[in-house]
Every structure is written in C-alpha cells, then in structure tokens.
Amino acid sequence: MKKYTSISFYNAILILLASIILYSCANQGSGPTGGPRDSIAPVILYISPLPNDVNITSDQITIEFDEYIQSGSLSQDLVVSPPLAEDPTIRNKGKSLVIKLNEDLIPDRTYSFDFRNGIKDFNEGNPIENFRMRFSTGDVLDTMVIAGKVIDAATMLPIENALIGVYSILDDSVITTLKPDFIANSDLEGNFVLDNLPHGKYRVYALMDGDKDMMYSQPTEQIAFLDSSVEVSANYIQQIDTLIIDNDTTISNGYTEFFPGDLNLLLFEAESFTQYLSSFDRVNKHKIELLFNESLSDSFRFEMLNTDTIPNWNYTEFGIKRDSVSIWLTDSTIINIDTIRMAFHYSMLNDSTENYYTFSDTIKFLAPVKKARKEKKSDNTQKAPPAASFNINSKIVNNYNYSQPLVFESEYPMINFQDTIVHLYEMVNDSTFKPIKFNLKFKNNSLRKFIINTNLKPQQRYSVEIDSAAVYSITGIPNNTFSSKFITQKDDYYGTIVLSLTGFKGNGILYLLKNNSNEDIVQRKKITSTTNEIEFKYLEPGKYIFKIVDDQNNNGKWDTGNLEENLYPERIYYFPKVIKVKSNWEYDETWDLDPSLIEVKDIIDEELIEKEEGKKEGKSPRGGTTSERR
15 MKKYTSISFY
25 NAILILLASI
35 ILYSCANQGS
45 GPTGGPRDSI
55 APVILYISPL
65 PNDVNITSDQ
75 ITIEFDEYIQ
85 SGSLSQDLVV
95 SPPLAEDPTI
105 RNKGKSLVIK
115 LNEDLIPDRT
125 YSFDFRNGIK
135 DFNEGNPIEN
145 FRMRFSTGDV
155 LDTMVIAGKV
165 IDAATMLPIE
175 NALIGVYSIL
185 DDSVITTLKP
195 DFIANSDLEG
205 NFVLDNLPHG
215 KYRVYALMDG
225 DKDMMYSQPT
235 EQIAFLDSSV
245 EVSANYIQQI
255 DTLIIDNDTT
265 ISNGYTEFFP
275 GDLNLLLFEA
285 ESFTQYLSSF
295 DRVNKHKIEL
305 LFNESLSDSF
315 RFEMLNTDTI
325 PNWNYTEFGI
335 KRDSVSIWLT
345 DSTIINIDTI
355 RMAFHYSMLN
365 DSTENYYTFS
375 DTIKFLAPVK
385 KARKEKKSDN
395 TQKAPPAASF
405 NINSKIVNNY
415 NYSQPLVFES
425 EYPMINFQDT
435 IVHLYEMVND
445 STFKPIKFNL
455 KFKNNSLRKF
465 IINTNLKPQQ
475 RYSVEIDSAA
485 VYSITGIPNN
495 TFSSKFITQK
505 DDYYGTIVLS
515 LTGFKGNGIL
525 YLLKNNSNED
535 IVQRKKITST
545 TNEIEFKYLE
555 PGKYIFKIVD
565 DQNNNGKWDT
575 GNLEENLYPE
585 RIYYFPKVIK
595 VKSNWEYDET
605 WDLDPSLIEV
615 KDIIDEELIE
625 KEEGKKEGKS
635 PRGGTTSERR
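If you read the sequence shown in this note's numbering, its first letter stands for residue 15, the second for the next number, and so on.
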C-alpha cells in the first residue's frame, strides 16, 4: 500500500505561479499590429527573500516581474506587520520592484507584507490583487491567524481601510498608549487577516486612525474592541479517502482550522461633548435663533443685560434634538431696542481636566435693517407699509392620508388660541358644506404647533379655514387667513405589511423605513421579547425595509459604545430583503432573528435581481418567508 500526503501550501503556490507564467507567455497578443486589451496582471518571475523563508537578515525585498510595472500608490497601500518605525524606500528598477527597509527588523519575528492592489502593470493598470508575502527573522515561521470583518455599528456596512491592531500586552487601555505589535488593514469588504502571529493571547482593536499614530488618541476617531483577549491556536483536521487502482492507494487530505474563528468588530464613534455655539442671528425684531453643535443640557440658561428684568419677556422653544433654540421677544420695550446684549450660560468640557464647567458667552444682537424700496417714477402716491401679521401653515395636500391627523404650524407663538377659531367642513357638493367635529391639541406643549384629530373618510373632499385676526401672537400680531381645500386618498390605494418576529430578546425599536439612501422613517414601534406580530397599515405603494435597534437601556434611541466603560454600541439588525408594497395588497413577512449573529447590511431587492437575471427565482432570501394577498 502506497501512502501519499497532501502537498504543502508553499509548493502549491510555486506550482500556481509557474502555471501563471506559462499561461502569460502563451497569451502575448497578436504582435505590434494590435490585439485584445491586456487584462492580465504582472507575473512574478523572481522574489527575494522567498515567501515563508526563515532566518532572513536582508534589509531589502526585490521582486522581478515579466513586464514593466507602476507602484506609485504602494507607499499608501503597503501594510507591514509588525509596523515599521520608518517608511521603507520604494523604487522601480527596470521590471523590478525594490523595497529598502530603513531600520533593523526585530529578531525572531515573522513579518508580513500586504501589498494589496498597489502593484499594477505599466500600460493598462491591471493590479496584482491582494498580494501578500511573509518571512521570519528567526528560525521559526509563525503562522497563527486572526481574521474577521470590520463593520460600522451605526450603519452595519463594511469599513474599508480600518487599522486592525493586535497587542500581546493584555491591558485594557493599551490602544491609548502603545502602538500595536501586529497590524492589518481592512479591504473593500471590511475583511482583514493577520497570518504571522506566534502562539499566545492578544487584545484586538480596530481604528479609523485619523492622525496616523496607530493609537486611539482622539475622541473623534472611530474604534472597535473586544471585551476580552483572544487566544490563537490551530488544529489540523485530517481526512482520508481511498482509491482502488490495481493496488489499494490511500490519499490523505486535510485542512488546518484556526482559532479563534472570524471576528466581527463593530466600529463606533464615542460620544464627545465639545459644546460650542455654531451660529446666532436676530431674524427679525421679535425673534432670535441660536444653533449649537451638540444637544444642550438642562443647565442652559440666558439673560438680558442692557435692560431691567421684565417678567415673562420671552418665549423659548428648543429643536427636536435640543441643539437649536428659538427665542421670541414678548415685551415691546425689548422688541424696539436696536441692539440687544444677552448672556448665555451652558456646559463645556475642559480638555485638560476632562471635567465639565459652565461657560458664559455675551452676544450682541442687532435689529435687521429693512432695505428701502425703490419707487416707480410714475407712482407719486405715498403707500402705507403693510400691517404686520403672521401665517399659519400646513402641509395638507390633495390625496391626503385619511388615517393621519391634520398638522399646523404658526410662524409665531400664539395666545388665547381656541379650537372654535378653526372650521373644518366636509364638502357634500360644490355648494354644500357640512361642519364636522374634531379634537384639537397643541404638540409637545408648543404654542406654535397644533394638530386636528378627526375621522376623515377616504376619497372625500374637505375644507379647513381660519379667519384673519382670529388669534394673536404673544407680541400682539394678528394672523393671516388660512384656507385649504383638499381631497383624501381613496381607500384601496394603501397596502399593509404584517411582520411575524421571532428570536428577539429584550427591548427594541422596530423601524419601517423607505428604501432610499436616507432611510426615511415611515413608522416606528416599540417591541419586546413577547412581541410576535406587528402590523403596518396605510402604506403608500413603494419599497420599504425593516431595521431593529436593540434598545438595551430602553431610552428610545440607538446608543454608541464607550471604550473606557467597556460598553459595546447597541446592536442593529436589518431585515434581509426589500418589501415592495402595492395598492390594496397585504404582505405577510416572517423574520427569524438570531441575535448572536453580527451581519453586514446586505438587503436583497428581488425585483432588481429578477430584472437582471430575466427570470423569477421563486424563493425568498435567508431570514424568512413571504406571502401576498389582496
């Protein structure tokens, strides 16, 4: 009985290179008169030192190719691990590439050189894709592996060119004080590999290294971490097949399994509180607007400086994110002051002590000067300026969604507002209007925004009216007339999605989003471990996607991570397919969620696939099933 073992990885590479050279030589085109465009990458004819060689003392790498090459981007593309203290000198010499190392290499260490796509042929720019080599300065070649993927925690998309740092020192804060022992960069798909590690335990981090110092030195740098160290090891799995050729011949094949398996690193930007005032303006005599770069804390306050204190001299409204402030002046004495001086007090972070303190800022606001109108030469009459008034606005349009309330917004805060000033009619015919009852309330205790709730009918004509001077602003300005006639959408225009959800644990937020680049929110609903079925009604025809935020602290929003507190960012999950909603159709979707998986956002649009393939696949992608019915 003859025994055969599988060929080594290194010998297989040599055979593959030889095959490429022969193929290259046999496909040189049709001579100087032309021929097909060259699409073959340069072929390596000679390399020194040899890949996977040991006891290397040379400070130079030489690679000879079968054609002239370009390597202008290699200084940015080349990643050397362990990292070099000084950049190597890279130059072309004929058809050769010479890399001069400007420092002594660490003894008994395995080095890897990841050229990525930095070497291309001279004429067509065909790259040698993902070219890597390694060698050892000692008599042992370290081959342990750490591999995985870097993913943006907020978008669940792969991150390219993230720096992966591996440390043999297991201290939690090593990324903030030391450069890594070994490094790699993630590729276009977020994948990375370090295959030159000795046995041992390591800390693993990923970093968008803004200042190129290989450390987490700025709060604006995105970072990913594992909350514990990993131990690298390998296990050879032998598989034996038996072939009968005259005599029994045993062929042994196998593979090496590396531990740990693929790592998924969630990259996030920690919250950094660097409060400052971005812009300010006195929009008109009555209103001041402020914009901050961060949400304001409850400690924010302000005061008037150039007049005596007057009770209730302002009305203040914060934006949704509390990073903008609108201040309406309510006292005529202050309104008529041309230059107003105000002091603002808000929290800021001391960069040196990392403690918060109250910062005070004094700002002058000038009343805007109206430009004088040019009078026509033929017009000798003196026209009185228009009386001051304000508008009440609404986004009511034809084909209005009859399931939604009517939303209104005033230019100014209002006083003495009563629901009796609003008139809502159902139009029976062109000359008959029937008043209908409704419920009116202000939104979020605002004096400017209010909504009308009533039972609107599908495909019905309505009219809503507010008379002029029916209400006044807090500064005594009357409103202008508001009038809008509209028709509601027909009943069979909308579609419905019923989602059956399994596998989710804890508290979460389920978002139904438009399938566009902004992922506009259509509806959002809170979910828990006991949530099984969720219905989304009155959906306009179009394409939608689902997203779940694992709201671990139950605060109603997604929260980022924190390295110092060893806190991961909250997990985000995307339903793996686009749902196309048609009018008068109901769609039953099933989402079998596995919270243990960290998956890149990869949403399949079956309609686009069918168009590209020219045929219908007839099955749903991973993650669930679909049924449709009218």
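One should not assume that every hint holds.
Unchecked claim - Derived SDA-like pairs: lysine to any residue, alpha-carbon spacing no greater than 25 angstroms straight-line:
hint	residue 1	residue 2
1	K551	I491
2	K528	Y507
3	K378	T489
4	K571	D312
5	K455	E479
6	K551	N413
7	K561	Q418
8	K499	K571
9	K463	Y507
10	K335	G275
11	K561	I541
12	K615	D312
Simulated from the structure, these hints should not be mistaken for lab results.
Verification of the supplied hints:
The straight-line distance between the Cα atoms of K551 and I491 is roughly 41 angstroms, outside the 25 angstroms bound, and the hint therefore fails. Distance restraint check for K528 and Y507: the Cα-Cα separation of roughly 17 angstroms lies within the 25 angstroms cut-off, and the hinted pair is therefore satisfied. Restraint check for K378 and T489: satisfied, since their Cα atoms lie roughly 22 angstroms apart, inside the 25 angstroms limit. As the CA atoms of K571 and D312 are separated by approximately 19 angstroms, the hinted pair is consistent with the 25 angstroms bound.
At most 25 angstroms may separate the alpha-carbon atoms for a hinted pair to count; K455 and E479 meet this at roughly 16 angstroms. Of the supplied pair hints, the one linking K551 and N413 holds, its CA atoms being roughly 16 angstroms apart against a limit of 25 angstroms. Pair hint K561 plus Q418 holds up; C-alpha atoms about 23 angstroms apart against a cutoff of 25 angstroms. As the CA atoms of K499 and K571 are separated by approximately 38 angstroms, the hinted pair breaks the 25 angstroms bound.
With a C-alpha separation of about 29 angstroms, the suggested pair K463 and Y507 falls outside the 25 angstroms cut-off, and the hint is violated. Annotation: proposed proximity of K335 to G275 is violated, straight-line Cα distance about 41 angstroms (limit 25 angstroms). Annotation: proposed proximity of K561 to I541 holds, straight-line Cα distance about 12 angstroms (limit 25 angstroms). With a CA separation close to 37 angstroms, the supplied pair K615 and D312 exceeds the 25 angstroms bound.
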